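Order-wise, the sequence lines are chains A and B. For the first sequence, my numbering begins at 1 and goes up steadily by one. For the second sequence, my numbering begins at 282 and goes up steadily by one.
Just so you know, the hints here were simulated from the structure itself, not pulled from any lab data. Only a predicted model underlies this, so the values are computations on that prediction, with no experimental measurement involved. Built from N, CA and C at the ideal position, the CB exists for glycine as well. Among the hints, a few may not be true.
Stated by the list, open to error - Result set (BS3-like, lysine-lysine): computed pairs, CA atoms no more than 27 angstroms apart in a straight line:
1. B:Lys300 with A:Lys266
2. A:Lys230 with A:Lys96
3. A:Lys96 with A:Lys75
4. A:Lys266 with A:Lys199
5. A:Lys196 with A:Lys230
6. A:Lys199 with B:Lys300
7. B:Lys300 with A:Lys197
8. A:Lys75 with A:Lys230
9. A:Lys96 with A:Lys238
10. A:Lys199 with A:Lys230
11. A:Lys266 with A:Lys196
12. A:Lys196 with B:Lys300
Unchecked claim - Just so you have them, the derived chain A footprint on chain B, three or more residues with Cβ under 8 angstroms:
13. 295-302
14. 305-318
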Amino acid sequence: MHQLQPSFEGAASEPVRRLGRAIVVTSGKGGVGKTTTTANLGTALAQRGVSVALVDADVGLRNLDIVLGLENRIKHHLLDVLEERVTLDEALVPDKHSDRLVLLAAAQAREKDEVDTEKMRALIASLRERYEYVLIDCPAGIELGFRNAVAGADEAIVVCTPEVSAVRDVDRVVGLLGNRFRPQLVINRLRPQLVKKGKMLSVDDVNAILRLPLLGVIADEPEIIVTTNKGEPLALRKDAPTGAAYHAIAARIAGDDVPPPMPATKESFLERLGSMFGGKK
Amino acid sequence: MIDFLKRLFGQTGSSATAKERLRLVLMTDHLELAPDMIDAMKRDLVDVISRYVEVDRDRIEVNFEQQDRALAMLANIPILSVNRPPVNRAGNGNGNGNGHGRAAEPAQAAAVAAAPNVSSPGAQAATDSIVTRRRRRRKKNQSIPAGAKPATAH
Ligand SMILES: Nc1ncnc2c1ncn2[C@@H]1O[C@H](COP(=O)(O)OP(=O)(O)OP(=O)(O)O)[C@@H](O)[C@H]1O
Ligand SMILES: [Mg+2]
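Just need the whole structure built from these sequences, with the hints factored in.
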């Protein structure tokens, strides 16, 4: 599964192995959709034909296995690998839907501070040698669990909901991350109808403050609850609008020149009338 | 027309409140994260005020306080002496070169600076305080409000 790339230095030198990208998915605030985003983007990326390892760094509160429907296949976890009880290969669990996607589950019965930051960094480094993408599902908070999840990553996706507290926490996390991770933004759980009525912060409101490159916007989607119940990420369904949105974000991560997905608003009668007469938006 | 309808139906929602709260809370957060900036601001503030009066540099307090729709900076600057020999600091904005007989003028400067809050700061007592207070609305991309503006004497 290695990506080999010919060296440009000259014919005589060794081929250079291109390292995969290690992207941490973080937010500061809990419950905004980090795990859901990680599972869906991992699924969407794998469907594009690249190899992806998902790492659940939320030690003590493991969730990613549930969202992916893999909970019954987990035999070993992150700490088993870090503490060298099993090899990485023994701990990686292949996804049900794609053999390009694997999961390294978190330990459930352990504490976040049992993770050794340097070992975590080394683990992510070895995953990057073998997978084109390593997505790390970060725990909430900005303490040791966050620092461990971030160690070894070289990029960040920050997930934010259109709420005061979530934006504030993302602002803090982005400050902690600094420039090295080039954080990009996913706005999750937007309700376009509420935005239109002036009852929810809009994408522009949020990003006027955060001013981050926008990967895309995911709607507040009842289907996500259903798919989480079933353990089948919505990104498996490209035909569903939100499934397609995850694919668009995955495409943007991969560097495709597609616009950030936005949840559609149904236009009201008055607005239709307005645009019919050439009214400004 | 559409704008009118938008105004009629749109801007009454709670998102405007959310935006406002967010703006303020982040301003406070950023201040907490910027102690260096506050120290630098204190230094500059003292430098400016020291052109007129001698202040107690070790006892200066600068605080920030949220006042419903704005963040206010409160500076408490104890004055040691107003009978100070003229200082010819570089960049003296008032620069009228004439340093003599200015004992009364600096006191006046203090009074203006203190205007909104302090009852009688103009006195000659050795440790009067100048309290400067200035509100400033945050413009969109500006993370940190500028320091209190010391009053000029005229
Ligand atoms: N776009 C969405 N629409 C509707 N529900 C969502 C959406 N995204 C996430 N959820 C739901 O919100 C809840 C929290 O999501 P998730 O577990 O992904 O958040 P998290 O940030 O990983 O939380 P934690 O900080 O606890 O790890 C879940 O029940 C999930 O199904
Ligand atoms: Mg989670």
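Problem - Within 8 angstroms of chain A (C-beta), three or more residues of the region 295-302 of chain B - result: holds (count 6)
Exercise for the section: Below or equal to 27 angstroms on CA atoms is what counts here, so check Lys199 of chain A against Lys230 of chain A. Expected result: Not satisfied, since the Cα-Cα distance of roughly 32 angstroms exceeds 27 angstroms.
Exercise for the section: Take the C-alpha atoms of Lys196 of chain A and Lys230 of chain A, compute the straight-line distance between them, and say whether it is at most 27 angstroms. Expected result: This hinted pair is violated, its Cα atoms lying about 32 angstroms apart.
Problem - Proposed proximity, Lys197 of chain A with Lys300 of chain B (alpha carbon, max 27 angstroms) - result: 14 angstroms, holds
Exercise for the section: Assess, step by step, whether the Cα of Lys266 of chain A is no farther than 27 angstroms from the Cα of Lys196 of chain A, and give holds or violated. Expected result: Roughly 10 angstroms between the alpha carbons, so the hint for Lys266 of chain A and Lys196 of chain A holds.
Handout entry: Satisfaction of hint between Lys300 of chain B and Lys199 of chain A, Cα-Cα up to 27 angstroms
Key = Cα-Cα ~11 angstroms, so holds.
Handout entry: Distance restraint between Lys96 of chain A and Lys238 of chain A, which requires alpha-carbon spacing of 27 angstroms or less
Key = Since the Cα atoms of Lys96 of chain A and Lys238 of chain A sit roughly 17 angstroms apart, the hinted pair holds (cutoff 27 angstroms).
Handout entry: 27 angstroms limit on alpha-carbon distance, applied to hinted pair Lys75 of chain A and Lys230 of chain A
Key = 20 angstroms, holds
Handout entry: Straight-line alpha-carbon gap Lys96 of chain A to Lys75 of chain A, limit 27 angstroms
Key = At roughly 15 angstroms apart (the allowed maximum being 27 angstroms), Lys75 of chain A and Lys96 of chain A satisfy the hint.
Handout entry: Proposed proximity, Lys266 of chain A with Lys300 of chain B (alpha carbon, max 27 angstroms)
Key = Given that 27 angstroms is the threshold and the Cα spacing comes to 24 angstroms, the pair holds.
Exercise for the section: Below or equal to 27 angstroms on CA atoms is what counts here, so check Lys266 of chain A against Lys199 of chain A. Expected result: 16 angstroms, holds
Handout entry: Within 8 angstroms of chain A (C-beta), three or more residues of the region 305-318 of chain B
Key = Check passed, 4 qualifying residues.
Violated hints, listed in ascending order, are 5 and 10; each of the other numbered hints is respected by the structure.
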